[in-house]
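Following the hints, complete the assembly by docking chain B onto the known chain A.
Okay, here's what each chain looks like letter by letter:
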Amino acid sequence: MKNNRFLLLLIIVLMSIVMSSCGEKEDSVTRDDEALHVGYISTGFPAVFMPWLSNQGIATELSSMIFSTLFAYDSDNDVFDPLLGDSWEYLVDPTEVPEDQDYLAVKINLNKEATWSDGTPVTPEDVYFSFDLASDFSRSSHAGTLAWTGDLMHDYNSDYSGELIRQGIFTKDHPGDYTFTDEDDHVVYLHVKKVLGGITPLFTTILILPEHQYNIISHVNKLNSTNPTSAQSTLYNNPMGSGPFTLDVDNSGPGVIILNRRDDYHLKDDNGDILYKVESIKFINYLDEIVAINALQEGDIDVIDNSISNIYIDTLNAVKNVEVDSSVNDFVSTLCINLNVPEEYSTPQRELLKDPILREAIMLALDQDYLITQSLDGEGSSVRGGLFTENSIYVNDSISMDDHDLDKANQILEDAGYTFEAGSKFRSKDGVLLDYKITGSPGVKTTINYIQVLFEQIGIKIEYHEGGTNPTKDYFYIGNFDMTIQNVVFSMVNVDMMFRAQFVTIGYSSNYGRLVDESFEAKINEMRTTLDRTRKIELIFEIQEDLDSMNYKIPLYTANTSSAYRTDIFSGWVHVDNVLIFNSDSLQNLTLNSK
Amino acid sequence: MKFDYVIKRISHTILIFLAVVTINFFIPRIGNDDPASRYYPPQIGTMTDEEYDEIKALTREQYGFDKSPVEQYLIYVKNLLSGDLGNSFQPGRPKVMKLITERLPWTLVLSLSTMMISSIVGIMYGTFAAKKRGRLPDTLLLASSTLLTALPAFIIALILSMIIGFELEWLPGYADPSMMTAFDWSFEQILNVIRNATLPVISMSIGGIVGYAVSTRNSVIVVSSDDYILTARAKGLSNGRILYRHTLTNALLPIVTRFMMGLSALIGGAVVIEKVFNWNGMGTLFINANLQNDYPLMMGVMLFLSSIALLANLTADLLYFVLDPRIMDGGRR
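One line per chain: the protein sequences are A and B, in this order. The first sequence begins at 5 in the working numbering and counts up by one. The second sequence begins at 45 in the working numbering and counts up by one.
Bound-form chain A, shown alone (with noise of 0.2 Å):
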């Protein structure tokens, strides 16, 4: 009798604890500070800053409000924007460059105003010293700073002895053949090798490092070194730039960042007032998706710094004062066929692969409306076979969006000899049967399932492959597999790199199953090293009509970014393709609710 008792006593405190975890919960929210929240979703924050090589989750993001490159590229727009760099200009115009001539002159004239946070001034020779340290491995020791000053005209010496042989970039301390009068005293010279492309990662990827406090790195304390020095950890620990923003390194660590506003950024808004409206940033690191969106909730944060997976979309949209922001994303998703299987990995059903005809018929199969609508629940768009996506200025909008046309693909089909044995659902050709697998992550197999289905009505067999711990080296590079989703981006800063990893390169960091098309990939290196502006566009859009017609990256979708934030903190969320509604915009128009 006792002992029932105590159970049930039990039972009811149970229930108790069940049934008030299911009454309203205030809506209001409130906080000890006035910092904008911003939730992260990684393993951790970065222990120490280091500009350049910090590249991996929130580092580079941190990196680039601390420090601050040359430019911000405006793809909507196709210019410039100033950041530390005022203006520019090509010395010769990039359509009359005289044939003897092997590189092309820029002159930038840098921001009078831009100070370091410790207030000294931005001078050229910042500029010299970090394209210069970039440029030679024997000092910053990393490949990643070699590519991208790979168009600047400065080479040092191949043997990576730290002798420079040919000098690209000129400063008053450095003028070379260039005269620098007084007035002269913000002004940079680069000579670049290729037009557009070669200036992108210059102006937009590599931030500008202090010269006074970096003169430390030298060819003995390498930059990247494995085993830093004391004063260069302290460097690394306590990063000084000349970007909007500074780390409160006090008050940061594993799992908060905190960056703090710089009143006398250069740059301003169009009333002459400061330019970012947010004084304070707290970055919190989440461990799990599923946290971070509860601590949106909650409202602990005001926005997730990450796109947040489709499921909780509902969900969110359906808490008071949150909001789901959809963006249109630049990566393209494309069916990538294996064209060039080596010997060792080749079966009959690859190369079959080989047929341009099969292709067609895949391409044509292949419905992107059918698979937005499905696979991502509505949140993507179609993309053109040229691969780029629509907000690009440099999309070849000649080139149809979605040719699907299962009655064509069945016709041309037949008519190849591809054909339907007695009792078989699946075709084949000269004994073949055309029996696939698309090697893939788990992330793609709700998309592979889809095409599945289109597949089999034009009586191709699919199946999904997981591609395994590693499928990279296992499949991709090795060139060991039928098909795989592969997502691409083009756009005008990354054309000269992408095209030629994507369909030139010959090399074991790009074998996606590639094109062998010579003829192809001479277009390509005309677009790469032409100085002509005019031809390059040209050419870009020729090769997009070429992508198109060959059927070997076939677009599926871009699928949307979604991101959510809360309103009822800070107001003045701005909207802009291609990222975040955590990002630049935002920043320089949020405004604090209470005040």
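FYI, nobody ran anything at the bench for these hints, they're computed from the structure. Among the hints, erroneous ones may be present.
Chain B regions said to be covered by chain A (calculated; three or more residues, Cβ under 8 Å) [unchecked claim]:
hint, stretch
1, 221-232
2, 324-330
Below, a list of computed lysine-lysine pairs in the BS3-like style, where the Cα atoms sit at most 30 Å apart [unchecked claim]:
hint, chain 1, residue 1, chain 2, residue 2
3, B, 100, A, 198
4, A, 527, A, 477
5, A, 272, A, 111
6, A, 197, B, 100
7, A, 477, B, 176
8, B, 46, B, 100
9, A, 477, A, 429
10, A, 358, A, 412
11, B, 176, B, 279
12, A, 198, A, 176
13, B, 279, A, 477
14, A, 449, A, 358
Heads up, the beta-carbon is just placed ideally off N, CA and C, and yes, glycines get one too.
Chain B alone, transformed into the frame defined by chain A:
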């Protein structure tokens, strides 16, 4: 004889430690992976294979990857002897030891609290259940052990986090990420840590409490029927004296090993709980190291965990010896 036993155990531990160091060093090198290409992933589209190979060769030379594995091993051991676990591959190359010592205390907060709560509550309840054998407390223990053995700690963690953390809001559903940075040993901050640690510790402790309780209960029941307990009863000693002086002293011997080995298991096993409660400890450090192919950090964390397991094992052996001197001569007495 006692001294010999201690020396023997310590020598064994040192030998195993050397084996662990060696295995820990060579395992990442067994595969076909080239550390240089992990250090510098291919720069797609920016350089030819030849240029990339040159950069990798230079990298191997700069960071000693070009030396023979034996030479690299000797350098590693030499650095290890001076307490240097090397530098992480993270940008800025922070010291592995610095990263570990930053995170370890926060994992220890969870692990040690869990160990203490699990063992104390578990042993007390197990003793109580043994005393009440066949009655409600005992039945409850056996029933809950079946349920909780099948219920992983992270499920308990999720349930507690959702109900107590997010719905009832009695305690934080996830740890305040600024807790680590803001901690200054003030009373307010200590209270903050306790508040944040409560749910993770409860999640990890529940299974442990039941485990300790069942082990203690079984051990106490077995020991209670030994001859010397019957003798003690015949001598007219009180139940309490028999229980605490004779029964528990002997029944707790197997619990000691469980206790010590539990520490390393808890540190390693806190990974999922850390994720559920957003706790920046060793688990997340290790996940990060794996995701970023950070060899030195992976090796450092693994070596650290192995060393804790070895030390715990050695301590258990020595404690066992103190508690039961028969072990010293193989139980010949």
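Results of checking the hints against the structure:
With 6 residues bearing a CB less than 8 Å from a CB of chain A, the stretch 221-232 of chain B meets the requirement of three and the coverage assertion stands. Coverage of the stretch 324-330 of chain B by chain A holds. Counting CB-CB distances below 8 Å, 3 residues qualify, and the rule asks for three or more. The hinted pair formed by residue 100(B) and residue 198(A) meets the criterion: a straight-line CA distance of about 27 Å does not exceed 30 Å. Between residue 527(A) and residue 477(A) the CA atoms are separated by roughly 29 Å; this keeps the pair inside 30 Å, and the hint holds.
In summary, the hint linking residue 272(A) to residue 111(A) is supported, as the alpha carbons are separated by about 24 Å, within the 30 Å threshold. Using a Cα cut-off of 30 Å, the hinted pair residue 197(A) and residue 100(B) holds, with the two alpha carbons roughly 25 Å apart. Annotation: proposed proximity of residue 477(A) to residue 176(B) is violated, straight-line Cα distance about 61 Å (limit 30 Å). Among the hinted pairs, residue 46(B) with residue 100(B) is inconsistent with the structure: their alpha-carbon atoms are about 55 Å apart, more than 30 Å.
The hinted pair formed by residue 477(A) and residue 429(A) fails the criterion: a straight-line CA distance of about 34 Å is larger than 30 Å. Restraint check: the Cα-Cα separation between residue 358(A) and residue 412(A) comes to about 20 Å, which is no more than 30 Å; the hinted pair holds. Simply put, residue 176(B) and residue 279(B) have alpha-carbon atoms about 23 Å apart, close enough for the 30 Å limit, and the pair holds. Restraint check: the Cα-Cα separation between residue 198(A) and residue 176(A) comes to about 24 Å, which is no more than 30 Å; the hinted pair holds.
Note on residue 279(B) and residue 477(A): the hinted pairing is violated, with a Cα-Cα distance of about 75 Å set against a maximum of 30 Å. Note on residue 449(A) and residue 358(A): the hinted pairing holds, with a Cα-Cα distance of about 25 Å set against a maximum of 30 Å.
Hint violations for this structure: numbers 7, 8, 9 and 13, all remaining hints satisfied.
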